[in-house]
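Chemist: Residues per chain are reported as follows:
Protein chains: 2
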Amino acid sequence: MRAEIVATGDEIRTGALVDSNSAYIADQLEQEGIEVTRHHVIGDDLPMLVSLFREIGGRGEVAVITGGLGPTEDDLTTAAAARVLGVDLALDEQALEEVKAYFGQRGRTMPPSNRKQALLPRGAERLSNPIGTAPGFCMIMEGCTFFFLPGVPHEMRRMLQEQVLTRLRAMRGETRAFRLTRVISTFGLPESKVGERMAGIHSPFPSIKLGLRAKFPEIQVKLYLNTTDETEGRRLLERATEWVSEQLGIHVFSYEERTLAEEVGILLKRHGLTLALAESCTGGLLSNWLTNTAGSSDYLLFGAVTCSNESKIRVLDVSPETLGHYGAVHEETVREMAQGARRVAGATYGLATSGIAGPHGGTPEKPVGTLCIGVDGPQGTRSRTVTLSFGQRVMNRKLFAMAALDLLRRTLLEGPVRT
Amino acid sequence: MRAEIVATGDEIRTGALVDSNSAYIADQLEQEGIEVTRHHVIGDDLPMLVSLFREIGGRGEVAVITGGLGPTEDDLTTAAAARVLGVDLALDEQALEEVKAYFGQRGRTMPPSNRKQALLPRGAERLSNPIGTAPGFCMIMEGCTFFFLPGVPHEMRRMLQEQVLTRLRAMRGETRAFRLTRVISTFGLPESKVGERMAGIHSPFPSIKLGLRAKFPEIQVKLYLNTTDETEGRRLLERATEWVSEQLGIHVFSYEERTLAEEVGILLKRHGLTLALAESCTGGLLSNWLTNTAGSSDYLLFGAVTCSNESKIRVLDVSPETLGHYGAVHEETVREMAQGARRVAGATYGLATSGIAGPHGGTPEKPVGTLCIGVDGPQGTRSRTVTLSFGQRVMNRKLFAMAALDLLRRTLLEGPVRT
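So the sequences go chain by chain: D and C.
Positions 1 to 419 (our numbering) are the ones given, in order, by the first sequence.
Positions 1 to 419 (our numbering) are the ones given, in order, by the second sequence.
It should be emphasised that the hints constitute simulated quantities derived from the structure, not laboratory data.
Keep in mind that this is a model prediction, so the values were computed, not measured.
Even for Gly, the Cβ is constructed at its ideal location relative to N, Cα and C.
What you were told as hints is all true, and nothing was included just to trick you.
Covered by chain D, per the in silico footprint, the following chain C stretches (three or more residues, Cβ under 8 Å): (1) 13-22; (2) 291-298; (3) 339-347.
Computed cross-link-like contacts, DSS-like style, restricted to lysine-lysine with a CA-CA straight-line distance of at most 27 Å: (4) D/Lys398 / C/Lys269; (5) D/Lys215 / C/Lys215; (6) C/Lys398 / C/Lys366; (7) D/Lys209 / D/Lys193; (8) D/Lys100 / C/Lys193; (9) C/Lys193 / D/Lys116; (10) D/Lys193 / D/Lys222; (11) C/Lys215 / D/Lys398.
All chains, please: the whole structure from these sequences, using the hints.
Modeler: Following this line, the structure appears as structure tokens:
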């Protein structure tokens, strides 16, 4: 089965908004074993919408369209669909009830303009929207099944799962092929090195497709497999994952698309360990990543963002002599910062960063990209100096934070959580 | 002049990667006054590439294509372009020199596979790539001018600016229309309210187009104007900006697409003021936003991420009685946190957050979305409790951080930096 995807709207056409809906839809369809052949973007323009729907109808089996179902005059998708079918728009009473209920649950009455959203092409099948005002609809045009969904991402995603994928599965019946995927997240090797180590995968696993994806600052290895036998497919994917794991070793940090911060949180929580942070160059990014996870206060006790030397001395008890002698960006300084954060918070581990994220502040001895990391814990204190530069402050800071978390992860794996 | 945009590659087609290149190109072309009519995405498939290029050639005036210029067998864009023109591929000596020089500057010799990148369709004009290995090229097919660029975003952007836009300007000569734009960033009013206040703009400014853009958690008002008279256009846009500013008042925080954190940083720096942060629910996000700006250590002296009550007491000297009596999420607690951070760092201002970002931890009295903000400074201490919930922890935290920064911004504008 082959599918095309359309995103509509002047904001996307003119580049004011990046279309992330189409990538989500493509990924979901491909995982169902449906081949996505093309995506299209066009604006709020009735003749162009009509012409594109005719073009796709004459060619495809499935089309998923997002956007243009709203209450305003710019929203023309429904009118275009009706015109392609040669039918008029008819009030769908159930859709009207759902739009009214949406406002009712929020203690509001439906504005008159929203009545337009309950007008569907005559004969179309309504797709209920449980979390927004725009119902979708489904209809067959020139032999192709079209699914029309709202453009608001969280509404679209829910409706795709609940209304579209279920219908597609029913349409395909017993013969459907699965696409199984596995994402293996790595840090610390450049993309080219990961690629070299993966080069031999086709010989033991000829049916598995490989994709490398630089999701800065991670490198993800993605394994794909199209199969009609789910059990056998999962077994094969498992064996291929083990093969990848042997090639990449300690550089792999997740097999479940978790972030490095999530994996570190899981390690800490599982073993009842706690953490305190002392950040200079990463400026709160480590704290932010770790606290994005609900329940992180179980293990992250305290984070200090100590930009000034003054605050390193006052809060973390870093010695003024150390700062005077070595400067802020030095292994001795980050060791004292990690020790200080751990002591202040009474945590099992302390993790500290100090470095030069740029664009200014570099010297010949300590160029932009220099990072010192300190880890203090039951095994003692360790520190590292690395040079990592991507030319942009914000990217350097992400790389710094990843490198620091990775040193902590390795320390945890060598020490109390050894497997 | 009308343009179409094509992104190629299986990673984009299958949704493994979101195509952000097309939005960037569309925005740049529209700013030049060139109307973008359609975007397309297709995979690494020679017959489909050939057929799409023919389709666009028969319809358009300009096309910009990204991706598929790499050294591997999957990279088919150049071959497809040659096939449409009915020419063969010829080695471009200058392109080969540039690819070799790219490797040479990095102390490496060019791998043999990269020689493929210097093969261009015979008769095509080379577009140099100063920061990568894939040169682009430009050619006329069926009356439409095609620009082929690499898919790596920073290479594509630089080549679009230096090679494509300059050629397009030359093609259009004297008659070109400018698109002038102005982005006005607001916080604190929902999109519908901003829309209501903007509703009357067409009567005093009929030639100005209005766009509202929810760039969570900001709402941006975008004003557009197509004109051939740049001076008069800028004057008109300036007057319209003043009109918008009157309607939205204190909710406007930037006219230059700066973030709220950048604007707060500018206010602090301009007046020689300093800041210390005490974050609970925002978990380092405020620190991270502020320190994303180079030079932020001039005004951000210290940030504390105090998740545990213990760390609030030890580091910020919050009284255990306050925490015991009122709990962590309370105006009295954030007042003491703000005072504590300010005192520890010796800063002009202290800013503190404590709240419930969810998904757990809500109670009937303090539901998920409850946020307490404290600001301490030369004018004394102020605090606010607000309820802001977007249903997702990460979104709630962003909203919390924006609300806290906005209270600081308003405090600064009322106090020492009054204009």
